[in-house]
Amino acid sequence: MMKADLEELMVVSCLFPSMKWSSSGTRPVLVAREGNVLRLYWMPLLLWLDECCAERFIEQLNRKARASA
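First residue of the sequence shown? That's 0 in numbering that gives the first Met the number 0, and the numbers climb one at a time after it.
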């Protein structure tokens, strides 16, 4: 499990554009998936407290990945 803030997560999504981002339903974790490789990041507190913002941020991570591919 890794810690990252919102900006660091955006950078990771740009560096690895093929990753698919999602959130865990049971833990405050963001999941970055690329084939058989999973990277787990603790969800920043602001996202964890607001599910709507978390969904929107994950959409942005996935769009950012598609835009740079």
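The set of hints was computed from the structure by calculation and includes no laboratory data. Everything numeric in this text was worked out from a predicted model, so none of it was measured. Just so it is clear, CB atoms sit at the ideal spot from N, CA and C, and this is done for glycine as well. Among the clues, some could well be false.
Across the chosen pairs, the derived CB separations fall in these ranges [as the list claims (entries may be wrong)]: (1) K2 with R32: 15 to 21 Å; (2) V10 with R55: 15 to 21 Å; (3) R26 with C51: 17 to 23 Å; (4) S21 with L44: 16 to 22 Å; (5) P16 with L48: 27 to 33 Å.
| request: Provide an ascending list of the numbers of those earlier hints which the structure does not satisfy. | output: none
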